[in-house]
Amino acid sequence: MSPDAKSEINVKKDQGVLYMGIDLGTSRTSVASSNGVRTTLSSHVGYPKDVVSRKLLGRDVLYGDEALEHRLSLKFFRPLAAGVLKQSQHKAEDVAGNLKAAADLLTEIIRLGKPRADELVYAVIGVPAQAAIHHKEAIVKAARESCDAVMLCSEPFAVAYGLDMLEDVLVVDIGAGTTDLCRMHGTMPEDSDQVTTTYAGDYVDEKLADLVRKRYPKAQFTTRMIKEIKERHANVSDSSPAVVVDLPVDGKPTPFDITEELRTACRSIAPPLVEGLSQLIATFDPEFQHRLKNRVLLAGGGSQIKGLDLAIEDEMRRRLGHGRVLRIEEPVYGGANGALKIAHDMPAEFWEKLK
Amino acid sequence: MPQFQTVRLSESTQGLFSAGDVERLMRAEFDRAGRHKFPLVVMLVAVDRLGQLQDLYGWESKDEILRAIVSMLRASLRDSDLLGLTQDDRILLVFPHTTPESAGLLARRLLTGSRKLRFDRDGRTLRISLSIGISHNRQTGDLSFETLVAVAEDGLTVADAAGGDRFVETELYQLYEKKRKARARARETAGLSPEEPARIVASVPPIEAAPPDGHRLTPDDPIGQALLELLASQGFDGQKFVGIDPEAVANAIRRAQLERVAKQVDTTRPATPEELLEKQEQIDTLERRIAKLTQILGLTEEELRRVAELKGVDFGMPSIYKSVQGLTGGEAEFARKKAMMLTILEANLALKRDLEAQGESPGETRT
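Sequence order for the protein chains is A and B. The first sequence lines up with residues 156 to 510 when you count with this note's numbering. The second sequence lines up with residues 22 to 388 when you count with this note's numbering.
Chain A extracted, bound-state conformation (with noise of 0.2 Å):
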């Protein structure tokens, strides 16, 4: 809602308060909201590129899954890479349009949560680990359009809260962009509590389009369809059914066998996770570190891929002597929960200062 159209409905709030709990993620955005509105929205966003095709798209923005669809009518924008918004390492019309392609996206999942114009609106945004504060304040200003009050919160404390796993637990937050561990101890963690990598969803992508590549050079394909691949095969138990896939060459679809591939490719990310969990346990008191092992929380989309839980655990067997693993039951909404949780938890007059 632009804050013309806000000051011409100029609504009084005094008839409830919505929470609004966001995970804003590279590949998916997701709200949880008091009003029992739950949903998920691939972050896209595109704009017509001419008249033509705004005049044959019929609207000024396209979002999620309908921008992938229509990109090539569209600027189309994935404003958010590597879990931050993307803007320093591009020219300057390219940091401009992912700002505003963030914003809107960030009007649009806050739409989606339906809040009513008579409600205030208090909104917990998941943020990565280790966010740079320019992008924590361009998705603080982005968020304030269409809220009364919004608060970033680390992502995987999020996770970890929503599930009142507060103490002697490490949260494996898998995104697309990112990978996030976060040690929790009890307390708000802090910046040596976290780690943040980029062995995440994106890594596994373009490992797997690598190694096709390699093992099938005249296989036609983007990155696009080797991550609907992963997403519908991804699986590194050694016992997984073949994984033959449909991909064009020289405009023939043609069968490829890439089970060993894209296992090897969903494989890839976890010793480097591990390596991670091992800084975070290594600097913790020892006395509790077994606990630390015990209880290693694995979320995010990337939790999806079957049998990583086990692959991890042995690669801590290995590295660490033991592990052991557990899986989020809601990947997509875990993030999305617990920021929830907090902006429910959150004191009133805590609120009443961001205002």
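Just so you know, these hints were derived from the structure itself, not from any lab. Don't take every hint at face value.
[To be verified] Keeping only pairs whose Cα atoms sit at most 35 Å apart, straight-line, the calculated DSBU-like set for lysine-lysine is: (1) A:K510 to B:K332; (2) A:K210 to A:K255; (3) B:K58 to B:K202; (4) A:K210 to A:K407; (5) B:K359 to A:K510; (6) B:K358 to A:K269; (7) A:K255 to B:K332; (8) A:K269 to B:K343; (9) A:K382 to A:K204; (10) B:K373 to B:K359; (11) B:K373 to A:K230; (12) B:K332 to B:K373.
[Claimed, not checked] Negatives, chain B to chain A, calculated, CB over 12 Å: (13) D76; (14) S92; (15) R130; (16) S165; (17) E324.
Beta carbons: idealized from backbone N, C-alpha and C, even for Gly.
Using the hints, position chain B against chain A.
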């Protein structure tokens, strides 16, 4: 079950009631027997091989045989006994105040009498015999006139199949009663057909076989007695008609029956197929209107949504909270969680201060 439809008896059988009259009178007698708990016997009589005799010697011969049988029967009957001829040339008799044992004796007497009859045709002497089915109302359980007739007919069939010249009483009362009730239930379920009222009206014939001219309705003679019973069964005070011409009484009864049938048709019968069809068409029309209105409502809602979107208005869904919540003292790990909330707040306050200090878009200045 014999078909008691309106049939005109041939000249040779004049003097008998019409089949419809016979049925009505017999029903009345049956009802009266039930009310007054007196025994009653129903007998169905058929001349063996009558169809073959008619084929060989013509319908006149059949008529002559029947006339002779009726005469013999009349000679054997009391005045209070009822006698009628059915469509298929069978003779139905009702014997009020007659026990089954007496009916057996009577049947034997009829069989003996029929054997003595002689008919000369084409130089040959024809001898006939009878098959008789008997039933009575001394059975336990529910009974109806239809059941007695059906049992008598069943006995007749058995007697005929066994070679004739005998009487048989079967014990299938409850079977036929069960069937009759099932048929009645089926009729009630199915409802009357469109032709049903007309058929019912047509099935109420005038009393044509009136007693001799000048006869007046009196309770002393069998006909008058039967008519009075009939009047009582129809809800009339029969005594009011004493001394009136039976034909006038019959017409009055018929008119009353017609009115009653018409009343039943109006108030109690289920809808006819035509009426059902008409109702169904009305329902279809209403359903079409509902569907159309629903469609219009859907389009209107869609348009409202579209306009709301254009205006940037989303009505949204109400939150379950009317006020700000927050941690409460009784919550587990309250202190720890509150400290965490405070840490988050402080980090966000710092962020807010940074933004306020900048006063411009952070993304454009801090790349």
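Hints and how they fare:
Restraint check for K510 (chain A) and K332 (chain B): satisfied, since their Cα atoms lie roughly 25 Å apart, inside the 35 Å limit. A hinted pair counts as satisfied when its Cα atoms are at most 35 Å apart, and K210 (chain A) with K255 (chain A) qualifies at roughly 21 Å. Simply put, K58 (chain B) and K202 (chain B) have alpha-carbon atoms about 22 Å apart, close enough for the 35 Å limit, and the pair holds. About 34 Å separates the Cα atoms of K210 (chain A) and K407 (chain A), which keeps this hinted pair within 35 Å; it holds.
Distance restraint check for K359 (chain B) and K510 (chain A): the Cα-Cα separation of roughly 19 Å lies within the 35 Å cut-off, and the hinted pair is therefore satisfied. Only pairs whose Cα atoms come within 35 Å are accepted, and K358 (chain B) paired with K269 (chain A) is accepted, the gap being roughly 28 Å. For the hint pairing K255 (chain A) with K332 (chain B), the CA-to-CA distance comes to about 21 Å; that is within 35 Å, so the pair holds. Annotation: proposed proximity of K269 (chain A) to K343 (chain B) holds, straight-line Cα distance about 16 Å (limit 35 Å).
For the proposed pair K382 (chain A) and K204 (chain A), the alpha carbon gap of about 26 Å is at most 35 Å, so the pair holds. Pair hint K373 (chain B) plus K359 (chain B) holds up; C-alpha atoms about 20 Å apart against a cutoff of 35 Å. Under the criterion of a C-alpha separation no larger than 35 Å, the hint pairing K373 (chain B) with K230 (chain A) is consistent with the structure, at around 31 Å. Pair hint K332 (chain B) plus K373 (chain B) holds up; C-alpha atoms about 30 Å apart against a cutoff of 35 Å.
Under the 12 Å C-beta cut-off, the non-interface status given to D76 (chain B) relative to chain A holds; the minimum distance is some 87 Å. At roughly 96 Å from the closest C-beta of chain A, the C-beta of S92 (chain B) stays outside 12 Å, upholding its exclusion from the interface. With a least beta-carbon separation of about 94 Å from chain A, R130 (chain B) lies farther than 12 Å from that chain, consistent with its non-interface assignment. Every CB of chain A lies more than 12 Å from the CB of S165 (chain B), the least distance being 67 Å, so the non-interface label holds.
For E324 (chain B), the requirement that its beta carbon stay farther than 12 Å from each beta carbon of chain A is met, with the minimum near 15 Å.
Hint check: no violations occur; every hint is consistent with the structure.
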